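Colleague: Sequence:
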Amino acid sequence: MTTVTDPTFLTHAATVIAQQRNSSLDALAAAEAHRTIEVADLRKQIDELRKQIDELRKQIDESEPQTS
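The numbering of the sequence shown is the numbering used here, which starts it at 6 and goes up by one.
Just so you know, not all the hints are guaranteed correct.
Distance windows between CB atoms, simulated [said to hold, decoys possible]:
(1) V21 to D46: 34 to 40 Å
(2) L30 to E67: 52 to 58 Å
(3) T7 to R40: 42 to 48 Å
(4) N27 to K56: 41 to 47 Å
(5) L33 to V9: 27 to 33 Å
(6) A36 to T8: 36 to 42 Å
(7) D46 to H17: 41 to 47 Å
(8) D46 to V9: 48 to 54 Å
(9) S28 to L54: 37 to 43 Å
(10) D11 to L33: 31 to 37 Å
(11) L47 to T16: 45 to 51 Å
(12) Q64 to S28: 53 to 59 Å
(13) D59 to L30: 42 to 48 Å
(14) T20 to V44: 35 to 41 Å
By construction, these hints were calculated from the structure, which means they are not laboratory data.
Just so we're clear, the structure is a prediction, and the values are computed from it rather than from any experiment.
The beta carbon of each residue, even a glycine, is placed where N, CA and C say it ideally should be.
The whole structure should be built from the sequences, with the hints applied where relevant.
Modeller: Set out below in structure tokens:
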């Protein structure tokens, strides 16, 4: 096993590793932002479906014969 002690090489290697790490973190942040947007869109869709269900229930209630 060889030990590398060249400061230029070590600095370059550290820079490359840091860049790769930052790229990975950027990708994770972008994926999380995308998921957050998807969740918000799904919540809007759920709210819209709830409104539609409520409207359908009202229509059903109005169309049922009233018994006294």
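Colleague: If a hint holds in the structure, say so; if it doesn't, say that too.
Modeller: Here's how the hints hold up against the structure:
With their beta carbons about 38 Å apart, V21 and D46 fall inside the hinted range of 34 to 40 Å. Under the hint 52 to 58 Å, the C-beta atoms of L30 and E67, about 56 Å apart, fit the expected range. Between T7 and R40, the C-beta spacing of about 44 Å keeps the proposed range 42 to 48 Å intact. The hint said 41 to 47 Å for the Cβ distance between N27 and K56, and at roughly 44 Å that hint holds.
The hinted range of 27 to 33 Å is satisfied by L33 and V9, whose Cβ atoms lie roughly 30 Å apart. For A36 and T8, the Cβ-Cβ distance of about 38 Å falls inside the hinted range of 36 to 42 Å, so the restraint holds. Between D46 and H17 the CB atoms are about 44 Å apart, so this pair conforms to the stated range of 41 to 47 Å. Range check, D46 to V9: about 50 Å between beta-carbon atoms, so the 48 to 54 Å window is met.
Our hint of 37 to 43 Å for S28 and L54 holds, since their Cβ atoms are close to 39 Å apart. For the pair D11 and L33, the supplied restraint of 31 to 37 Å holds, since their beta-carbon distance comes to about 32 Å. Evaluation of the 45 to 51 Å hint for L47 and T16 yields a pass: the beta carbon distance comes to about 47 Å. The supplied range of 53 to 59 Å is met by Q64 and S28, whose beta-carbon atoms lie about 54 Å from each other.
Roughly 43 Å separates the CB atoms of D59 and L30, a value that falls within the hinted 42 to 48 Å. Checked against the given bound of 35 to 41 Å, the beta carbons of T20 and V44, roughly 36 Å apart, stay inside it.
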